[in-house]
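Visitor: Chain residues, written in single-letter form:
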Amino acid sequence: MPVLAASGLSKSFGAIEVLSNIALDLKAGEVHAIIGENGAGKSTLMKILAGHLQPSRGTLAIDGEPVHFSGPVDAEHRGIVLVHQEILLAPHLTVAQNIFLGREIRRGPMVDDRAMNQEAARAVRELGAEIAPTRVVERLSIAQRQLVQIARALAVPHRVVIFDEPTASLTPVETEALLKVITAIRAKGTAVLYISHRLNEVKAIADRVTVLRDGKWIATRPAAELQPIDMAQLMVGRDMANLYPAKASAEASAAVAEEPLLAVEHFNVPGFATDVSFGLEAGEILGFAGLVGAGRTELFEGLLGLRSGSGSVRLDGRPVHFREPRQAMEAGIVYLSEDRKGKGLLLAQDLRTNLTLAALDRFASGAFIDKAREWSALNQAFQDFDIRARSKTLLAGQLSGGNQQKLLLAKMMLLEPRIVVIDEPTRGIDIGTKEQIYRFIAALAARGKGVIVISSEMQELIGVCHRILVMRGGQIAGEVSGDAMTEAEIVVHATGVSREEARAQI
Amino acid sequence: AAFAADTKTIAVSIPAADHGWTGGVVYHAQQEAKALEARYPGLKVIVKTSPDGASQANALEDLTTQGINALVVLPHNSDELTDPIRQVKGKGVFITVVDRALRDPIQDLYVAGNNPGLGTVSAAFVKEKLGGKGDIVVIRGLPIVIDEQRVSAFNEGLKGSEVKVIDSQFGNWSRDDAFKVMQDFLTKHPKIDAVWCQDDDMAVGVLEAIKQAGRTDIKFVLGGAGMKDMVKKVMDGDATIPADVLYPPAMVAVAMDLTAAGLFDKLPVRGSYILDATLVTKDNAKEFYYPDSPF
Amino acid sequence: MSGELAPTKAASRFQDFDLRAIAPFAALAVLMVLGYFVNARFIDLDNLTNVLARSAFIATIAVGATFVITAGGLDLSVGSMAALVSGVMILFLNKAMIGDGYMLLATGMVLALLLGGLCGAANGLGVTAGRLEPFIVTLGTMAIFRSLLIWLADGGSIAMKSMELRADYRPVYFGTILGLPFPVWVIIAVAVIGAFLLYRTTFGRHVMAVGSNEDVARYSGISVGRVRMLTYIIQGLCVAIAVLVYVPRLGSTTSTTGLGWELQAITAVVVGGTALRGGVGRIWGTICGALILEVISNIMVLSNFVSEYLVGAVQGAIIIIAMLVQRSLARRN
Amino acid sequence: MSGELAPTKAASRFQDFDLRAIAPFAALAVLMVLGYFVNARFIDLDNLTNVLARSAFIATIAVGATFVITAGGLDLSVGSMAALVSGVMILFLNKAMIGDGYMLLATGMVLALLLGGLCGAANGLGVTAGRLEPFIVTLGTMAIFRSLLIWLADGGSIAMKSMELRADYRPVYFGTILGLPFPVWVIIAVAVIGAFLLYRTTFGRHVMAVGSNEDVARYSGISVGRVRMLTYIIQGLCVAIAVLVYVPRLGSTTSTTGLGWELQAITAVVVGGTALRGGVGRIWGTICGALILEVISNIMVLSNFVSEYLVGAVQGAIIIIAMLVQRSLARRN
Ligand SMILES: Nc1ncnc2c1ncn2[C@@H]1O[C@H](COP(=O)(O)OP(=O)(O)OP(=O)(O)O)[C@@H](O)[C@H]1O
Ligand SMILES: Nc1ncnc2c1ncn2[C@@H]1O[C@H](COP(=O)(O)OP(=O)(O)OP(=O)(O)O)[C@@H](O)[C@H]1O
Ligand SMILES: [Mg+2]
Ligand SMILES: [Mg+2]
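Protein chains in written order, with this note's numbering: chain C, 1 to 506; chain Z, 1 to 295; chain G, 1 to 333; chain V, 1 to 333.
These are computed hints drawn from the structure, not numbers from a lab.
All of these numbers come straight from a predicted model, not from anything done at the bench.
There could be a bad hint or two in this list.
[Said to hold, decoys possible] Using 25 angstroms as the maximum straight-line C-alpha spacing, the simulated DSS-like pairs for lysine-lysine come out as follows:
hint, chain 1, residue 1, chain 2, residue 2
1, V, Lys95, Z, Lys228
2, Z, Lys89, V, Lys95
3, C, Lys188, C, Lys203
4, V, Lys161, Z, Lys211
5, Z, Lys228, Z, Lys164
6, V, Lys161, Z, Lys191
[Claimed, not checked] FRET-style restraints, in silico, Cβ to Cβ:
hint, chain 1, residue 1, chain 2, residue 2, range
7, V, Phe196, G, Leu329, 23 to 29 angstroms
8, V, Leu180, Z, Ile274, 39 to 45 angstroms
9, G, Leu329, C, Ala115, 45 to 51 angstroms
For every residue, glycine included, the Cβ atom is placed at its ideal position computed from N, Cα and C.
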């Protein structure tokens, strides 16, 4: 008897049907993965299962009994919890306050903060992270927020846990810890629904895999029967050959330039990065690896005038100092934030407004915005970046997570930059689109642009970069290139454990 | 309707009841409206209040559109309302101005208390009562023309004597603000002989502050306007309130009455009718005590 | 951050926008019908033009407020600012030694606009350079502007002295062009320019972006401080324009001039469908909001049912009901 | 939204919280020193107790406002509500036929609390059931409450008639316990209860959550409407408590009672470090904010430098400067 079963589920937003006739059953003690392209309807399905949305048609059943959820709280009472793809936490409250929100531990009429802080610290530690329970969520990095969100979900008594891309913003270390946790709760008889675009992960943890495409059910198979490449094929509906494009040598395209395109020396971002020096050649793809909190994001925010920082920065040999991001953009350097909801897109505005926001001057004659040009740019962006939305008049917040990421990419590329800093470029992006983005990055470099990729996915860095700098505790801990670009080597630099030390500890 | 020719409308435009005195004006206007309608069949009296000068100008426009025969207006501010009233006059409406003189005397009838008079009478009383010598504090109203007229006349009246105004502040014609200002004056000045606060509402707050501080140096408090509680105190011989200076809100009723008389009884009422800023003392207080008025 | 993630009906944004934008106009229409039943003279042409002309002050100021609020700000100082600007303008007209009346008036007007812009810039500076809550900054300048006026007026009032000048200036409030009172043309001009700025220019887009999410705006290379600053300057200019129409009406300024206009302007903006949290601005809705307020107070004067003491209560109730009607219309969709 | 996102050192939350929370107190201390230099009598015990006692109304109301604002709301009606509640209470005391003075007073007080809670509930209903912007709802009720009071008072004032009753009631404002005026004890009690509610109970936690992110609160099983409603009721109760202390002071209510208290209360809250956008509330900061406002106006009267016309300007400037000092303190960290 399945713990949770859905049959004939459909969901329409207005005239747009995003799910049609989905059937799904979930057994106790299994990890059931859902995979599909961006916009396939995975998150929508999960929201229906967890009571956040009502299905337009179809029924749900728990232990064979038909149920109707009046809301997420109702679903939670019946043991079904959802870890959202988006971060859903109260930004002004602390980690512990968030984890226990709505079900505070009390002593008499009072909240027992001491107990909650202890419990919260324990819950977070179980996920392999160290976050002070008294920190305000507003001040956490995206990865940390994601962990808090997971801890929050697991703190409720549960029979079914739904993870919607929990690892998108996590580094390998935390991912590892999370997978362990999932294995542990599975062992206790919990049913787990698991969405991820990281097919290796799916392969490693899932018992069964369900594939969705364009809102339709395609297949449900035992994971053992499927290799990642087969999964990709099922998702996309065509053959997937090479994920990563062939690397052109950076030197070839950099050619004769004497000065590096960008030279950074002794750069400091107070509190986050100290004494960072590196250079970027034209045509080069430079990777930045590191653990969560290594300070990569802040380093580049400092360099581009998004936060205060000091040091020498030379562009084409000329010293520059950006006090505002506008100046950096005018100099041809753009930064794509890792936080697409908080810093990348205006969720309550439409797609066109979002797309042209940073490069609006290009769409204006005088001060007058040419809407027709904006529309054609949007059409172009839909093509170039394969943005999947049933309508072009949606608000940005109504796009699926992956498609938001693509929109953000399209938005910053409109600036036609000379140097692009992309922070977590493929977070939440399906494998088919990833390939497109990698090709896009390679094409940029081939055209002589400098590209900096910050990523927590080491495979990705290794696959696309010419050279990788590894950061640890706000400093550059090492550089790997050529054949030395292996996961092992990067981890050694990122964690600061030398091979000898590692051996000695054992 | 039977005597269509006899149907007449008087519009009364006055400030909204935003403090004690204007509250009194609204009360008397409404009472008088009822009384007049009862007295003159065929008379319709419309009373409208406005919170500030600009909205009063609006109200005048709106009243005129309704078709009126006479307007009784107590302007928020003479400077601001002269032109709007001129507009109304231009439609052939009989104009009665109450209390605050317009910049140009375009009205047909003027009924007023006497603001400078209130200052002068108060100054004379203070001088006399203090024997021509002493330190006093002044609590002013709101920074508008009426206040300015009263205060200048008061200062003028003190000239040549040794009565010195050692401090003055705005109390906004509010009991609460006057209470605060007085508390602070008491802290600031170790010796105060008298307080002039030109308004009985503020006097209430002043008295309470003095009572709390237990100070005995203050010989008296002089308010103004003729609020019934204060007149009662004068009548009862309260030493701190030896007198009051009249500035009766009922003047609006007088104006309405005269206007109606002019319209219906064809009495000659054009001209000016200035009410004295009468000094109320223990001797004459009985005449000015109206226990039923809300003010 | 809220709302976005909530399940919304999948009405296309366009339809949605439409009905929301129309709701204030529907509320206005209902009020007009009510007005007619209260007093048939309500729909007299004279009355309607009066109401229109009068709403010019608040409407103009509220257009400025729409910019400030759309960018996520707030300006409580507009009423005091209007008083100060008109006071200074009249003092200038009284003192200046420019021969020709029209030249003098023109100079006075330019001065008013400059001063308005400057006052707005002062607010903007507090919010951007000082990084203070707009509420606090403009509450402070509200007190400062009014105090300065009272000081200039020596506690009394400031009136235009020259009668000829008054006569020259009068048409700016009382004159008509093509049958419409001049102030109505001012409303139209201000609204058209405002709508153009907000909906058609890069600046307007930036205003919405800043109000929607400041971080996103910053990361998109918009200089948030500059945009904020400009909205406050626009607010100052709008106040000055309102003053230009206000002065010929009453020819004087007192310490109570403009008292409470800030709340009226904000109310007009909100009634017009602009959310106080920023990100969305509706210029035409704002104009409609200003008209609604003016119509309500007109109806109050024209009606004879309500005790004078209770006028405020009825007015308050009508505003709430009008908003409820609007909301239910917008939700119906 | 600004400020928080500015680069800050990765200080632990605790330290961080500390300096921000202390900033208003630092500003108050600076003001007190200033006060001493302006007039040495400033630090007279009498003066300080006066100031403390006077701040009781705004402080009490502002504690309520802290709840409303923390939950992301706003209440403009508090001043009018205070006037209405005190008016009704006095009318009751004048008319009721309860023999014993103290019994009568106690009944009157209970009535005031009930009425305050009811008025608050009316606001809450408009915001939750009516789903209107708090600004509009409370602007409407502000007009309604005041109008009702003026109507009850027949445009004039409502005063306690019985002199014995007044004498019995007087100590509630003028009395002292252990050398501290009674109103000061009221402030302390209200603040302690408020702080307990906001920081130590689940309700307080939910208030912050609702103000921080409504959707998250809803998904966490918090009934957002109930929490909002309760904050408005608490605001109403706080207003009623302020009224209990206000009535014995002058024994009367007029149409100007409570005018402008809403802005003062909100200012106290903001000066105390609570952000208007919700999510964070600082009860003790609010109390400090109320004291700051009262101290500034006290210093103004005690000083001899400032023309009475310019008092407002100086007051406004001081508030802005105090906030700048606070901000730079908080940023220094
Ligand atoms: N509120 C909404 N209104 C209209 N369309 C919506 C809404 N929410 C989601 N959609 C649409 O539904 C489709 C499915 O979205 P969903 O978020 O379920 O995709 P997903 O499979 O989770 O994709 P991703 O991998 O990118 O997260 C998308 O086309 C999206 O644009
Ligand atoms: N506004 C802030 N105030 C204080 N601390 C912050 C703030 N934002 C982030 N931090 C802290 O700074 C540290 C570095 O942040 P972050 O994790 O974003 O670095 P990163 O190198 O970009 O990591 P990654 O990209 O892997 O997430 C973290 O410990 C985070 O909690
Ligand atoms: Mg998704
Ligand atoms: Mg990062």
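Visitor: Tell me, in ascending order, the numbers of any earlier hints that this structure violates.
Guide: Violated hints (numbers, rising): 2, 5, 6, 7, 8; every other hint is consistent with the structure.
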